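**Student:** Sequence:
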Amino acid sequence: MFQGFSAEDFDAYLPEKWSSNMFTLKRRRVKDQLELIGRELAGVFAQADLNLVAHLSDDHPSLWNRKQVSCQWLFFSRDLSARRELEEIIDTEKTLAQTLEDPTPLYKQIFIGVSVDREVLQAGVRLHYDAWVDRRNLLTLLADGKGAEAFSELCGGLPEEFVMGLDGDELTGVRRLDSSRLAGFISRFVEGRAMFFGLRIPRDEAIALGPGSLETIKSTVASLIPVYRFMAWSPENDAVSMATIVAQKQHERELTHAELEQERLQRENQLKEEAERRHRDLESRMADLLEEQNWREQERAKRRAVAAAKRQEEEAARSALHASADAMAKLSVDTPAPSPGVKALVEEKQGPVRERPSRPVRSEPASRAKRPDTAALSAAKPAKVSEARMADIQVGDRVRVVGGFLKDREGIVASVDEKGDLKVSFGMLSSRVEKKDVVGLGPSQ
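Okay, so the sequence shown: first residue is 3 according to this note's numbering, each after it adds one.
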């Protein structure tokens, strides 16, 4: 049962509470009260033969309210089939970035609704600028003299407390809406703002009304149904020739599709030409590599032939030298030794053969004699190194690996990085080893 709205209900929408989930339960109570109002208003619309569907805004921060619950809405809009027909046209007017920035479906079409915020309870017709079809339909009607006159007559029959205006502007009583004020209203509306037409009840008055505010809302909505029919586009209230607009949008989509298809074909041709060019370059490089490889094979064959000829010449020279040596040896064996008489005759003419004196043995210099024996030094025991010095591993120290795949290998420290890890040389092999995986053996000998 509808109980009305309390001060606590209005305080649930103070600015410091908009983004907090701590007050969702209090906002849920307001949402429940609006749901009860919606059941009563559904009967009002049914009596007027107006097919509208009820919706309730989120009572917690979400994508649809930009993570801020500044007010709570109950709104009635077209049913699903009629809404899809219009949204397909409306969405072509907005970019993807705009849709993500403001995804609220509330703004895509005109609606009758009831809302509660921290200051006011209001019931009325709301038309956002992004409701493209309804907005153009209304502006077309008001641009016509007969349409503006009919709208003024419609406003004149409404209760005096009804107001009309744009978000951020001062509201004007609908009975005081003359032609000049209406023209100014239209010029500001096309700047992209939202319009409200209906009744606003300050929070103190709404609290004082209590459950009686339900009857006030029902009578207000019943009075606004003719205004809604005048503003909202329908096949019977088609001031913008929707069929022509749909055909134009379809033609624009076809042109866009043709342009995109042409761009796609151009990109495919460019990619194909690029692939063919890369294939030709690859074939050219492969041919160059094959030619260079053949040239290298020929050069290697020439060098091998020259080396083989040189080896043959050397073999021939060695064979000739061996043959000459064998001949000389054979000649020396076949020649008889000279007789004593001949030998005496030779000595008489040439003199006795002098023996070459032997070279005296020089004594070793004292400096060289005192030089230490290197073999004895290498066999001497190395100097003892303290454990502290062995633990302080430095460049040039000898270490033993105690962990990892090089375990039990010994090597010389080549460098130490900033982290303390070592680069160890194991003969021809060098490897980086963590300091925790080695044990120091002191300076290398």
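Hints were generated in silico from the structure; no laboratory data involved.
Values in this document were obtained by computation on a predicted structure and should not be read as measured data.
Hints may contain errors.
Unchecked claim - In silico SDA-like cross-links for lysine to any residue, where the CA-CA straight-line distance does not exceed 25 Å:
1. K274 x E285
2. K386 x F407
3. K28 x G212
4. K409 x K438
5. K28 x L38
6. K148 x E121
7. K69 x A44
8. K28 x F4
9. K148 x L179
10. K220 x L257
**Student:** None of the hints should be skipped; say for each whether it holds.
**Tutor:** Hint check:
1. About 17 Å separates the Cα atoms of K274 and E285, which keeps this hinted pair within 25 Å; it holds.
2. Among the hinted pairs, K386 with F407 is inconsistent with the structure: their alpha-carbon atoms are about 30 Å apart, more than 25 Å.
3. Note on K28 and G212: the hinted pairing holds, with a Cα-Cα distance of about 17 Å set against a maximum of 25 Å.
4. Our distance criterion of 25 Å between C-alpha atoms is met by K409 and K438, whose separation comes to about 12 Å.
5. Distance restraint check for K28 and L38: the Cα-Cα separation of roughly 16 Å lies within the 25 Å cut-off, and the hinted pair is therefore satisfied.
6. For a cut-off of 25 Å, the pair hint linking K148 to E121 is broken: about 38 Å separates their Cα positions.
7. Annotation: proposed proximity of K69 to A44 is violated, straight-line Cα distance about 29 Å (limit 25 Å).
8. About 16 Å separates the Cα atoms of K28 and F4, which keeps this hinted pair within 25 Å; it holds.
9. Note on K148 and L179: the hinted pairing holds, with a Cα-Cα distance of about 16 Å set against a maximum of 25 Å.
10. A threshold of 25 Å between alpha carbons decides the hint, and for K220 with L257 the separation of about 49 Å lies outside it, so the pair is violated.
Hint compliance for this structure: hints 2, 6, 7, 10 are not met, and every other hint is.
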